[in-house]
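**Student:** Which chain is which? The protein sequence lines are A and B, in order. In this text, residue positions in the first sequence follow our numbering: the first is 7, and each later residue adds one. In this text, residue positions in the second sequence follow our numbering: the first is 198, and each later residue adds one.
Mixed in with the good hints there might be a few duds.
Claimed, not checked - Here are the simulated DSS-like cross-link-like pairs (lysine-lysine), alpha carbons at most 25 angstroms apart as the crow flies: (1) Lys339/A <-> Lys647/B; (2) Lys350/A <-> Lys712/B; (3) Lys332/A <-> Lys389/B; (4) Lys54/A <-> Lys629/B; (5) Lys339/A <-> Lys452/B; (6) Lys647/B <-> Lys629/B; (7) Lys332/A <-> Lys425/B.
Note that these hints are calculated values from the structure, not bench results. Keep in mind that this is a model prediction, so the values were computed, not measured.
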Amino acid sequence: MSTATIAPQALTAKDFATDQEVRWCPGCGDYSILKQVQTIMPGLGIPKENIVIVSGIGCSSRFPYYMNTYGMHSIHGRATAIASGLKATRPELSVWVVTGDGDGLSIGGNHTIHLLRRNFDLNIMLFNNQIYGLTKGQYSPTSEENKVTKSTPFGSIDHPFNPLALALGADATFIARSMDRDPKHLQELLKRSHAHKGASFLEIYQNCNIFNDGAFEIFTEKGSKPEEAIFVEQGQPLIFGANKNKGIRLDGLRPVVVELGGEYSADDLWVHDEKDFYKAQLLTRLFDDPRIEGHLPRPFGVFYQAFRPTYEDQLNFQVQEATAQKGPGNLDKLLAGRETWTIK
Amino acid sequence: MSNSSIQNIEDVVIKFAGDSGDGMQLTGTQFSNNTALFGNDLSTFPDFPAEIRAPIGTLPGVSGFQLHFSSNRIFTPGDACDVLVAMNAAALKANLKGLKKGGIIIASTDGFDAKNLRLANYPEGVNPLEDGSLANYQLHTIDVTKLTREALKDSTLGMKEKDRAKNMFVLGFVYWMYDRTLESTQTFLNEKFGKKPDILESNLKVLQAGYNYGDTVEAFTTRYHVEKARMEPGTYRSITGNTALSYGLIAAGQKSNLPLFLGTYPITPASDILHELSRYKNFNIRTFQAEDEIAGITSAIGASYGGHMGITTTSGPGMALKGEAMGLAVMLEIPLLIINIQRGGPSTGLPTKTEQSDLLQAYYGRNGECPMPIVSASTPSDCFNAVFEAFRIAVQHMTPVIFLSDGYIANGAEPWRFPQSADLPEIAVKFKKGLEEGEEQFLPYHRDEKLVRPWAVPGTPGLEHRIGGLEKQNVTGNVSYDPENHQVMVKIRQEKIDKIADHIPPQTIELGPEKGKVLVLGWGSTYGAIKSAVLDLLSEGHEVAHAHIRYMRPFPKNLEEILHNYDKILIPEINNGQLIKIIRDQFLIDAQGYHKIMGVPITKGELVIKIREMLQ
Numbered sequence: 007m008s009t010a011t012i013a014p015q016a017l018t019a020k021d022f023a024t025d026q027e028v029r030w031c032p033g034c035g036d037y038s039i040l041k042q043v044q045t046i047m048p049g050l051g052i053p054k055e056n057i058v059i060v061s062g063i064g065c066s067s068r069f070p071y072y073m074n075t076y077g078m079h080s081i082h083g084r085a086t087a088i089a090s091g092l093k094a095t096r097p098e099l100s101v102w103v104v105t106g107d108g109d110g111l112s113i114g115g116n117h118t119i120h121l122l123r124r125n126f127d128l129n130i131m132l133f134n135n136q137i138y139g140l141t142k143g144q145y146s147p148t149s150e151e152n153k154v155t156k157s158t159p160f161g162s163i164d165h166p167f168n169p170l171a172l173a174l175g176a177d178a179t180f181i182a183r184s185m186d187r188d189p190k191h192l193q194e195l196l197k198r199s200h201a202h203k204g205a206s207f208l209e210i211y212q213n214c215n216i217f218n219d220g221a222f223e224i225f226t227e228k229g230s231k232p233e234e235a236i237f238v239e240q241g242q243p244l245i246f247g248a249n250k251n252k253g254i255r256l257d258g259l260r261p262v263v264v265e266l267g268g269e270y271s272a273d274d275l276w277v278h279d280e281k282d283f284y285k286a287q288l289l290t291r292l293f294d295d296p297r298i299e300g301h302l303p304r305p306f307g308v309f310y311q312a313f314r315p316t317y318e319d320q321l322n323f324q325v326q327e328a329t330a331q332k333g334p335g336n337l338d339k340l341l342a343g344r345e346t347w348t349i350k
Numbered sequence: 198m199s200n201s202s203i204q205n206i207e208d209v210v211i212k213f214a215g216d217s218g219d220g221m222q223l224t225g226t227q228f229s230n231n232t233a234l235f236g237n238d239l240s241t242f243p244d245f246p247a248e249i250r251a252p253i254g255t256l257p258g259v260s261g262f263q264l265h266f267s268s269n270r271i272f273t274p275g276d277a278c279d280v281l282v283a284m285n286a287a288a289l290k291a292n293l294k295g296l297k298k299g300g301i302i303i304a305s306t307d308g309f310d311a312k313n314l315r316l317a318n319y320p321e322g323v324n325p326l327e328d329g330s331l332a333n334y335q336l337h338t339i340d341v342t343k344l345t346r347e348a349l350k351d352s353t354l355g356m357k358e359k360d361r362a363k364n365m366f367v368l369g370f371v372y373w374m375y376d377r378t379l380e381s382t383q384t385f386l387n388e389k390f391g392k393k394p395d396i397l398e399s400n401l402k403v404l405q406a407g408y409n410y411g412d413t414v415e416a417f418t419t420r421y422h423v424e425k426a427r428m429e430p431g432t433y434r435s436i437t438g439n440t441a442l443s444y445g446l447i448a449a450g451q452k453s454n455l456p457l458f459l460g461t462y463p464i465t466p467a468s469d470i471l472h473e474l475s476r477y478k479n480f481n482i483r484t485f486q487a488e489d490e491i492a493g494i495t496s497a498i499g500a501s502y503g504g505h506m507g508i509t510t511t512s513g514p515g516m517a518l519k520g521e522a523m524g525l526a527v528m529l530e531i532p533l534l535i536i537n538i539q540r541g542g543p544s545t546g547l548p549t550k551t552e553q554s555d556l557l558q559a560y561y562g563r564n565g566e567c568p569m570p571i572v573s574a575s576t577p578s579d580c581f582n583a584v585f586e587a588f589r590i591a592v593q594h595m596t597p598v599i600f601l602s603d604g605y606i607a608n609g610a611e612p613w614r615f616p617q618s619a620d621l622p623e624i625a626v627k628f629k630k631g632l633e634e635g636e637e638q639f640l641p642y643h644r645d646e647k648l649v650r651p652w653a654v655p656g657t658p659g660l661e662h663r664i665g666g667l668e669k670q671n672v673t674g675n676v677s678y679d680p681e682n683h684q685v686m687v688k689i690r691q692e693k694i695d696k697i698a699d700h701i702p703p704q705t706i707e708l709g710p711e712k713g714k715v716l717v718l719g720w721g722s723t724y725g726a727i728k729s730a731v732l733d734l735l736s737e738g739h740e741v742a743h744a745h746i747r748y749m750r751p752f753p754k755n756l757e758e759i760l761h762n763y764d765k766i767l768i769p770e771i772n773n774g775q776l777i778k779i780i781r782d783q784f785l786i787d788a789q790g791y792h793k794i795m796g797v798p799i800t801k802g803e804l805v806i807k808i809r810e811m812l813q
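Just chain B, with the same shape it has in the complex (with noise of 0.2 angstroms):
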């Protein structure tokens, strides 16, 4: 047996990387679910190319899977690895800026052979794992490949098939390293391969095979072992933001007892919501890949006319197709959802990295005077509780409602204590049902105190009426190009819009005083980094809080009264400055941005510094 010590740590960040096909998200994921079940704190960033298969062994191949897990509360997947899975040069090279100095490689020697160094782009003759130029680094090197073959030498499977076991040797090594079962990975594999014997076998025998691996060599001298975290009591599972968002959407069908009708067409990162959705069916779901963005909002905008809940789900370029039926939405005044959940732009940009640069485009980007409520997530399981209140105001108030996420959160995964369904909130829905007494006539544009006009929907005799995207005459809804009409009616559709500030809760501060130096302000998927950042400052005495954003248009109505109540006001975001703009607009303030624009998050570490400065 081993005679390897157990070391107990609080906080490891791992990272798994290798070649698209290496199986490194499958890898990570399967960590991240037993590090879940195990009860740490975890948070989780799959960092993966946008094409499908780049040329194996290249530099733009390289796919991995970032894992932060604690025995404390932890909110981001962490700024620098402790550990850093490298099973090509490529991968090596690509990931070890962000591995911390004196951090562990485990390196995957087959994958540094001369065509694999030569595909990173080592120099003729260089070998990282030999030259001596990771001293500064714990190097422990395994010949996957070779074990993997090794453990499957009876298996009659062929030497391709073999080799595609090699990630299972890797994270039952790992498991090993972190004193874990590998149960959870036994009951995952005996699910996705029950029909494929050979296959299922050969899997299970390589996992085991790691794992017994880091029992028997006497290479590693050292295991760790990370605690339960100290988490509030409660039943949790592991949740993804895309996965979140799925199920709240469909909370919100059952607490509001609409069916959902998603049209849609796939992009990445959103279609994961598709996929989802596609599965429940006997939720009362009706799920349309549409031929392309425009049809897939337009055939919501139909649904949602015949009174089913109209979602669309899309990126950055598919909300600039849809601008034009968002503005016939506004016109209509009826329900409609549009998920955008943001990625790399201008263009088709980054189609795998994550960016918060359209909240801009949420905001204005459409034609003529065409507000529209927003709503944000800011972490993955909080877009179930966001998506949950951007349906609610879809309905209640009668408008499209743009909800933004971003890559970041909808692919990261982290616990989520999950709410039971009686505890969650009905969601009124009201249908006009037919002409009331003395009414004579069914007046399509009659508001009532919100601004809020009928959701009069066909086949209820008595209400047949004309909509469309032509202006509306005040009240009859009747097709109207009179001025002083016009001037009432963009007047009117605006006031709507702002009124929602009378139904949403206030803003709140996350952290930190309620007056001070400096207040860090928020929205979206920074989140982690920031609270982080000011946890670490307010435990060094500073003068710091922190706020974060849910509803992005209307603001709280708190919201001016809390900026005027810090010195100055940091606002770190994931684009070249956005909420800024709008928050000076609206508010007059001189707040001060900080912007990353590399398609990654913003990390505590530089936020901390940020905010250093900001106190001096």
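Chain A on its own, in the form it takes in the complex (with noise of 0.2 angstroms):
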């Protein structure tokens, strides 16, 4: 089949928009992360039709449609296996997943889990809104507890999932937090994603303003934000609050928010390094109810990063090595076998 590839002659964001109206809700936070998506595309010098994008079920998952590539809008949960098989096979590819906290966590968490440990070498952008929005406003697996929605009248007595320690504990090579609100953010870790080469989890806070409004306005709205992100950078010391006040000490395994300029400067701090599995481990757990009096910032940016052999490269070096030693399939040898007999 041919793979033959045309340079992407100076392709631009409108070259990845489709002639398909957008359908999704005014205001919703799909539309920046969509933006964003179709920004940072032309730059990756990847040609469009090589570019694949595969989605499950939900708002999220008709992100496909809008993208002038190959795309999937395939069913509930499945994106992630659909995905698995393509890049099995086509490890050329540049593969996107697009699924929300229902589709990826919840009906497709298995598929999920065991993409990360595989370690195909794809994208996963997950779109946390933290809701059912697609079936009108039920509670999703990321919602926090006590949430009172159309199916928990009484609220929410599910403990939530907290996306990126899920992810870690799979062994994800690639691990990531931005949100729709930060179209610089957002853009510079979609190019983190891909370049990473490796299975990449990218969870995105996605506000849906019509069941969910104001999930992460806490984090995402210039009043707040600096007090309650933080957004962690590779050797830097985890510093946050509107006057770059205050950082984050490790007191043995145990973070906690200190003043600066006072008994603790900057040295004191925790600095971040995306290679050290144990402190990724630690920043995930960085995920306090933010309601909850004398909780920790949230963490956003690349948490962590390693690099293991990709499923595909170890599938695809089989075949080629089985090819090498033992020649290219002879069929009539196979048919036979070992052991025939002839009548006459």
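Using the hints, put the two standalone chains together into the complex.
**Tutor:** Structure representation (structure tokens):
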């Protein structure tokens, strides 16, 4: 089959838009995510025809229809498994999975963790809005406890998933978090996800203004963002606050917030290291309910990156090795087997 | 030397039965291979419990291997046994009813001690080997354990390891009884235990000891010889259904020039296809043991989308899980093979027992109007040709195809006059390579005269497009909720499958007159029993015929005409009546059914009785 590629001659974001009317609710966070993806695509240097976007079911999963690449809007929860089969057979393609907190963590949770442990080289964008939008407002596996929704009139008693801790628990080789309301940061993390050789898991906080408006407001709005969100960067100390006057220090294995300028300086702080698996585990656990007094700020950025062989490379290596050692399959030899007899 | 005489006979049915740990499947397989190489026609029926190791010595733990071999053509593993090898009391108890009156019992006496008798639920103090209850049979008792240990008295192996060779003693003895050489098994043992010289030596020694025992002990005065079968000239090998199926897939991959991708999850009795295909990576085959049945089929959909041939294998419960994804493949209109090795159901049912009870599931078991072609196999070797055809239909008609086999033919073996690669037809596959002249925009649901849409895979410049499970607008493939369009699309998807009937061979009559009193209409693994029964009745001069359907959906176009050529139609099935419902529904024909739902094949004898009734 043809894998010939033509140079992506000066593609623009517009080249990645389709003629289909975008049908998300006005004000949905998905618009921003779509825009950022269309914006970074030309810069990746991949011909359009080599990009495939696979999605499951849910609001976010309409994404492929709006991207002028190859795309499949599949069935609920299975985009990750479909993408696995595609990547196993066509490793040269750039495969992006669009999923949501219901699609990727509830009905499709099993496939998500198995994709991560196998480490296919593809990019998962998990749009987390902490609600079921397409089915009109039931709680999701990431909804906070006590949440009152259509299906939980007395408040939810489900304990929520911590998506990045789950991904790391499945030995993901790249985990990161960004948000719909910070285009620059999101673009940067999309590029990092793409650049990672292996499975990347990017959680994107996405506002559902119809059924769960303001779920992440505290992290995304000007007034509270500096105090509540902490943007981690490789080699940099964990500093936050409107006046960059706070930091996170490790007291043994316990992260604590400290004021800078007095007893502590930046030198005393936790320095972010994406390669450090143990620190990454602690970082994913900075997941306090922001309603609770004394909670820690929520981290954004690349939490962890590691390298291990990808599934498709190993699979195709086995095919090549077997062919090199035994030669291409000989059908007549196979059909005859080792023991035959002839009747005259 | 022995003073036994050798008697020529035509036909033998032998059953090796013992505890699951006694190695009866291996013993049976070895005898089958030996028989095949000798040139008899043969048919086998392995019958084993679902438990890997049920409690030793109990009835649920009995594992059996039935083998029918003959100097004539045969089509079934035999209705009743001539010889029963019983390694313990439970094996005797479980299988005695299947032994012909006057048949031979070879019992291993150490398996009939007080403990084994108790485990087999014999009343206190009763030993069938001693109480005269087996007077209607020819009973031979051998203390296999003692003789095995005796043969290995110089070996340094532990007692437990020595006793593991017991099945070789029995096999050696049966080889002697049927005038065979030990060579094929000696070769097998050399390959299997080449790296463990002490185990190899003990097995070889005990095999020979079993043979010599027959030669020296005077209790056995008769040996038997079954001449080579008068089969069509050609080169043969022995093959099981699952192996033939695997080879059919590999052959179709070679003949279509498509790499294969098997996405699957282990399930009895389908797992052997995964084991087999995973060995042949040099045929450009990728196997993927997915995390569940759903990932099995959806990963295969991903592979087909990418231009490989996506295949998934399973059994009934797995089919249930794959239903939604099959619907997606129907909407996407891409090639896919879904292979169901049927077993007893519902639910977990009878995992190791055979049944044909997923036909209605294959027809109707999905949401919405969701037609898919169905192809079935009738014998172990037929799995090769049948799956080759299923593959061809999938790629040439851009559709998922369901392939139905069952546990009986999957594990059963028979001689196979295998084809030469050069004699197999090519399978033409067309990928869309780009926009053609005058084509301004790619229309993914633009169809050809067969109503087939193009296969346009990612990586092809100019054909970027989106597909999915939502209803498609006719031609453009864009999402459409338009009421008229939905009706049009439902009809088109159905018509596309119906049109496959123009591209399959007509239904043939297997045996018997083209018009007459009774037509026995079968599908799948009932083939051998129907054929044997109809042959018997034809030789008595009755007006009875046999037709066997391979293409279950759509049916061959001439099927209806055939059905009208007989006064009565009988449809035997290993289910509660499934094909019969479809035949009655499509052709308004008052067919009669014969349904056996016991997890075992229908026998020739019971069919003969049923057909006779209908002939009166």
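**Student:** Hint by hint, say whether it matches the structure.
**Tutor:** Evaluation of the provided hints:
1. Pair hint lysine 339/A plus lysine 647/B does not hold up; C-alpha atoms about 36 angstroms apart against a cutoff of 25 angstroms.
2. About 35 angstroms separates the Cα atoms of lysine 350/A and lysine 712/B, which puts this hinted pair outside 25 angstroms; it is violated.
3. Proposed proximity of lysine 332/A and lysine 389/B is supported: the alpha carbons are some 21 angstroms apart, at most 25 angstroms.
4. About 17 angstroms separates the Cα atoms of lysine 54/A and lysine 629/B, which keeps this hinted pair within 25 angstroms; it holds.
5. For the hint pairing lysine 339/A with lysine 452/B, the CA-to-CA distance comes to about 15 angstroms; that is within 25 angstroms, so the pair holds.
6. Only pairs whose Cα atoms come within 25 angstroms are accepted, and lysine 647/B paired with lysine 629/B is accepted, the gap being roughly 16 angstroms.
7. Restraint check for lysine 332/A and lysine 425/B: the C-alpha separation of about 36 angstroms exceeds 25 angstroms, so the hint is violated.
Of the numbered hints stated above, those contradicted by the structure are hints 1, 2, 7, listed in ascending order.
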